[in-house]
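Now for the letters of each chain:
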Amino acid sequence: MITPNGIKTACGLGLLGGVFSVACLALYFKPEDGSLAVIAFYMLVAVLFFATAGAFTKNGQWKWRVALFVNILTIGIIFACMIGEFFAMDAGAVLLVIAIFIFVLELLPSSKAWMQSEI
Amino acid sequence: MLASKPHNVAFAWFGVIAVVVFSICWICAAAIDTTWVFGENTLSDLGASDSDAKMYFNYGCCMVTAICLAIFGFATTTYSKSRSASAAGITLIIAAVFLFLIGLFTKDVGTGDLHKTLACLMGFFMFLAVCLYAGAFWNNGHEAFAAVPVIVILALIVIFATQNLATFEAWSAVGAIPFMVVATTDLILTKPKAKI
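Chain order of the listed sequences is A and B.
To convert, count from 1 in the first sequence and add 14; that's the numbering used here.
To convert, count from 1 in the second sequence and add 548; that's the numbering used here.
Please note that the accuracy of each hint is not assured.
[Said to hold, decoys possible] With a Cα cut of at most 27 Å, we get these calculated BS3-like pairs of lysine-lysine:
no.: 1; chain 1: A; residue 1: K77; chain 2: B; residue 2: K739
no.: 2; chain 1: A; residue 1: K72; chain 2: A; residue 2: K126
no.: 3; chain 1: B; residue 1: K629; chain 2: A; residue 2: K77
no.: 4; chain 1: B; residue 1: K739; chain 2: A; residue 2: K126
no.: 5; chain 1: B; residue 1: K629; chain 2: A; residue 2: K126
no.: 6; chain 1: A; residue 1: K72; chain 2: A; residue 2: K22
no.: 7; chain 1: B; residue 1: K739; chain 2: B; residue 2: K629
It should be emphasised that the hints constitute simulated quantities derived from the structure, not laboratory data.
A quick note: this is a predicted structure, and the numbers were derived from the prediction, not measured.
Chain A with its partners taken away, still in its complex shape:
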């Protein structure tokens, strides 16, 4: 089955989100109390983005529903970290937009059909 453009785009966005999260981790690092929580959350979001990107590859590790759930968790964690002021607002907004785009792309019928046929 030919890989739909939605899947390729979602994979690219997942990688972009992961790289951007790691960049934010370095950018917003401050050696003070509470920095461990900030580092941990940026790292968590980076890991979730990379894992989500991996789901959009040939013979990916997850079924469609699992990938969708992980993406929903990613959105929730980014949103919660923005509210808790663990993330800078501008960085959080960029990450949130990337995650929402991936969510929308994942809901496309072509993406769902492709992912369900790969496993």
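Given the coordinates of chain A, work out where chain B should sit on it, guided by the hints.
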């Protein structure tokens, strides 16, 4: 002979009515009682107000909303096919009962301990209902809808950990609004198992 049509769509609108009634009454109560401040005063302070705000909150936000939520919960239990949806509906009915009692036993009744207990129980069962509804959306094949309760729960956990009770309570009420809209949509889209 006309075939009877299931009324899940009609019952589902009680979810929207609950949201509308709650929102309007809360806004009216906050407008009347100018001493109430979002994030500094709890919602229960509106129920114990010296002004007419008390009527809007107790009758509108609590009692009428509770009745609408209970009807919606009944509809979820009756019309959904999955057990998780049935459990979610029953839990919502229990939460609605406690919400009704909050309107009856306000903060200024006795020492206020009964009110606090009822509020905690309502919060617990509402949280449980939201989690069960998220599972129900997932099992009904409406996976995208499950995003709303998951995101709301994660956001509220952070607010609970970082803000005061008044802020958490107010944002919980705000967070319940998109959840109820999504739950209503899910019930409208459900192919009902019951024929009533």
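Quick rundown of the hints versus the structure:
no.	hint	verdict
1	A/K77 to B/K739	25 Å, holds
2	A/K72 to A/K126	14 Å, holds
3	B/K629 to A/K77	24 Å, holds
4	B/K739 to A/K126	22 Å, holds
5	B/K629 to A/K126	24 Å, holds
6	A/K72 to A/K22	11 Å, holds
7	B/K739 to B/K629	8 Å, holds
Of the numbered hints listed earlier, not one is contradicted by the structure.
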